[in-house]
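For the sequence shown, this note's numbering assigns the number 5 to the initial residue and increments by one for each residue that follows.
None of these hints come from the bench; they were simulated from the model. Incorrect hints may have been included.
[Stated by the list, open to error] EDC-like, lysine to aspartate or glutamate: derived pairs with alpha carbons at most 20 Å apart:
#1 LYS90 to ASP52
#2 LYS90 to ASP119
#3 LYS169 to GLU158
#4 LYS90 to GLU74
#5 LYS72 to GLU168
#6 LYS90 to GLU131
#7 LYS169 to ASP52
#8 LYS60 to GLU131
#9 LYS57 to GLU36
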Amino acid sequence: MPDLRILDQLIKPAARVPLTIERGRASVKLVESQMPNSCVTIAGLPADALVVKADKFQAPDTIFCGTKGECKRADYVIIANTGAKKRILFIEMKKTKGSREDIIKQLSGSRCFVDYCQQIGKVFWKETNFLDDYQYRFVSFGHTGIPKKRTQIERTAEINDSPEKMMKVAWPNRQEFNHLVGR
5 MPDLRILDQL IKPAARVPLT IERGRASVKL VESQMPNSCV TIAGLPADAL
55 VVKADKFQAP DTIFCGTKGE CKRADYVIIA NTGAKKRILF IEMKKTKGSR
105 EDIIKQLSGS RCFVDYCQQI GKVFWKETNF LDDYQYRFVS FGHTGIPKKR
155 TQIERTAEIN DSPEKMMKVA WPNRQEFNHL VGR
């Protein structure tokens with residue numbers, strides 16, 4: 005069974021963000037949960053991409069102490085298969101800047117959420133290769149409530165494949181999916 009179909013069966017509709025199709029192109033508007041005027045649009049998504057509100061996953065603070073940030077999660081996870089690329093994009097949004105350490109913890113926590121989903125697919129759906137071919141990308145959007153400035157992009161590495169190497173985008177308004185996931 006295809007990975008996206010398993011995720012479609014696994015993740016409740018209330019935890020998803022629907023895509024919008026305009027002129028044959030899929031896009032999604034991401035809104036920061038506590039700040040409704042803080043938003044980013046991502047265009048150029050595959051039509052079957054799955055966008056998950058990762059912060060809907062209840063914090064495991066009833067079990068874990070949280071002293072290392074293990075109870076934190078980023079805002080969104082986008083899982084997409086373009087045919088040529090299989091990517092999982094982790095997104096943290098901040099109305100202002102946010103601390104680097106806190107953002108890394110949130111992105112890392114969302115990776116743990118995806119790892120958990122992956123194990124569920126392998127164990128309960130009996131799909132031994134579930135999500136194995138997907139590459140991770142990490143992005144932090146800052147100053148999302150202030151669209152009046154020109155977008156600024158900061159990369160600490162060529163490929164944003166870990167929370168520590170996240171791509172930082174300040175004053176985003178509309179971003180292209182392929183630009184965020186890179187190679």
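Hints and how they fare:
With a CA separation close to 12 Å, the supplied pair LYS90 and ASP52 stays within the 20 Å bound. In summary, the hint linking LYS90 to ASP119 is supported, as the alpha carbons are separated by about 16 Å, within the 20 Å threshold. Between LYS169 and GLU158 the CA atoms are separated by roughly 10 Å; this keeps the pair inside 20 Å, and the hint holds. Between LYS90 and GLU74 the alpha-carbon distance is near 26 Å, which puts this suggested pair outside the 20 Å criterion.
Taking the CA atoms of LYS72 and GLU168, the gap is near 15 Å; set against the 20 Å cutoff, the hint holds. Of the supplied pair hints, the one linking LYS90 and GLU131 holds, its CA atoms being roughly 17 Å apart against a limit of 20 Å. Distance check on the hinted pair: LYS169 and ASP52 sit about 27 Å apart at the alpha-carbon level, beyond 20 Å; violated. Restraint check for LYS60 and GLU131: the C-alpha separation of about 25 Å exceeds 20 Å, so the hint is violated.
Proposed proximity of LYS57 and GLU36 is supported: the alpha carbons are some 10 Å apart, at most 20 Å.
The structure does not agree with the numbered hints 4, 7 and 8 stated previously, though it agrees with the rest.
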